[in-house]
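Q: Listed below, chain by chain, are the residues.
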Amino acid sequence: MFKKILLAADGSDHSVRSAKKAIYLAEQSPETEITVVYAVDGQTSKVDILHHYDKKVVDELRKRRLEPIENLLIEKNLKYKMVILHGEPGPAIVDYANKRDFDIVVVGSRGLNALQEMVLGSVSHKIAKMAKAPVMIIK
Amino acid sequence: MYKKILLATDGSEHSRRAAEHAIAMAKCTGGSKIEIVYVIDDDNAKSDVLQNWNKADLGDKRKDRIKFAEQQAKEAEVPYEIKTLHGEPGHAIVEYTNKNNMDVVVIGSRGLNVLQELVLGSVSHKVAKMANCPVLIVK
Chain D
96 MFKKILLAAD GSDHSVRSAK KAIYLAEQSP ETEITVVYAV DGQTSKVDIL
146 HHYDKKVVDE LRKRRLEPIE NLLIEKNLKY KMVILHGEPG PAIVDYANKR
196 DFDIVVVGSR GLNALQEMVL GSVSHKIAKM AKAPVMIIK
Chain B
45 MYKKILLATD GSEHSRRAAE HAIAMAKCTG GSKIEIVYVI DDDNAKSDVL
95 QNWNKADLGD KRKDRIKFAE QQAKEAEVPY EIKTLHGEPG HAIVEYTNKN
145 NMDVVVIGSR GLNVLQELVL GSVSHKVAKM ANCPVLIVK
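Line by line, the protein sequences give chains D and B.
Count along the first sequence starting at 1, add 95, and that's the number in the working numbering.
Count along the second sequence starting at 1, add 44, and that's the number in the working numbering.
Don't read these hints as lab results, they were simulated from the structure.
Beta carbons: idealized from backbone N, C-alpha and C, even for Gly.
Some hints could be false.
Said to hold, decoys possible - Under 7 Å between C-beta atoms, here's a sample of chain B residues computed to sit facing chain D:
hint : residue
1    : A100
2    : L102
3    : M174
Said to hold, decoys possible - Quick list of simulated restraints, FRET-style, between CB atoms:
hint : chain 1 : residue 1 : chain 2 : residue 2 : range
4    : B       : E121      : D       : Y119      : 18 to 26 Å
5    : D       : S140      : B       : A89       : 35 to 43 Å
6    : B       : N144      : D       : P163      : 29 to 37 Å
7    : D       : N193      : B       : A100      : 26 to 34 Å
8    : B       : S56       : D       : D190      : 25 to 33 Å
9    : D       : K158      : B       : D92       : 19 to 27 Å
10   : B       : G131      : D       : Q138      : 53 to 61 Å
11   : D       : K98       : B       : Q115      : 39 to 47 Å
12   : D       : E155      : B       : D86       : 55 to 63 Å
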């Protein structure tokens, strides 16, 4: 049913739970591919670089954030792809999703940044509103 | 995994698409059941009664709105149950979901009432925020 799944992740607990649900959906039909998308916004990118100014270390760090999710995918032997986007998470993920034909977008209800959410509205809400594909919001 | 599926419907285009997704999901897991929920809010109740004096007619009209979902479920041979709730759609659906421990809620992104949505915010957003379980928003 859902052959092309987009999973928005930032390494938070919610995103790990979303990953589990996405994997469950993927297991329902063969030849499903999960695309894991991690959007790095300006703020995170600044913090990352200020803390570690070696580019290689930064890349490593970002990969490590998604490691729990990647491990789950490897464990289940699913086809997957990791993509790192730059920009404000909501629009960046929507843009990526709408340019390709995904059957479903899976996103956690809350990410890492609670304060920003209060001010700007949640990433999941933005995605739910603007993405063309069905959106599953995981608690 | 998703055994108790709640399908929120109001007979709109979006809710029809939501029905298709809910049924596809129900087919994935054996023994799952769809609860088709239609909420009658005060406004609707008023205009329905004003336009149809006869109570029997009224029931027919309301049934019409869920007919599509019901037919689809019947054709797919998925067990289902129809529930009519009264009250404000967002809250009524959330309350019902949380009380009955549903596994997933499937809801269309936009309902019939566009104006109300602008003023009060969309029902799907409310449900996505307040329900305790994953919410699939169908476009």
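Q: Now look at each hint and say whether the structure bears it out.
A: Quick rundown of the hints versus the structure:
1. Because the closest C-beta pair between A100(B) and chain D is about 37 Å apart, greater than 7 Å, the hint is violated.
2. For L102(B), the interface hint is violated, the least distance from its beta-carbon to any beta-carbon of chain D being 33 Å, above 7 Å.
3. At about 10 Å, the closest approach between the beta carbon of M174(B) and any beta carbon in chain D exceeds 7 Å, and the interface hint on this residue is violated.
4. For E121(B) and Y119(D), the Cβ-Cβ distance of about 23 Å falls inside the hinted range of 18 to 26 Å, so the restraint holds.
5. The hint said 35 to 43 Å for the Cβ distance between S140(D) and A89(B), and at roughly 52 Å that hint is violated.
6. Between N144(B) and P163(D) the beta carbons are some 32 Å apart, a value that agrees with the proposed interval 29 to 37 Å.
7. Checking the proposed 26 to 34 Å range against N193(D) and A100(B) shows it is violated: the Cβ atoms sit about 46 Å from each other.
8. Checked against the given bound of 25 to 33 Å, the beta carbons of S56(B) and D190(D), roughly 27 Å apart, stay inside it.
9. As the Cβ distance of K158(D) to D92(B) is approximately 57 Å, the hint placing it in 19 to 27 Å is violated.
10. Against the hinted window of 53 to 61 Å, the Cβ-Cβ separation of G131(B) and Q138(D) comes to about 41 Å, which falls outside the hint.
11. With their beta carbons about 26 Å apart, K98(D) and Q115(B) fall outside the hinted range of 39 to 47 Å.
12. A beta carbon spacing of about 57 Å between E155(D) and D86(B) agrees with the range 55 to 63 Å that was offered as a hint.
Checked against the numbered hints given earlier, the structure breaks hints 1, 2, 3, 5, 7, 9, 10, 11 and satisfies all the rest.
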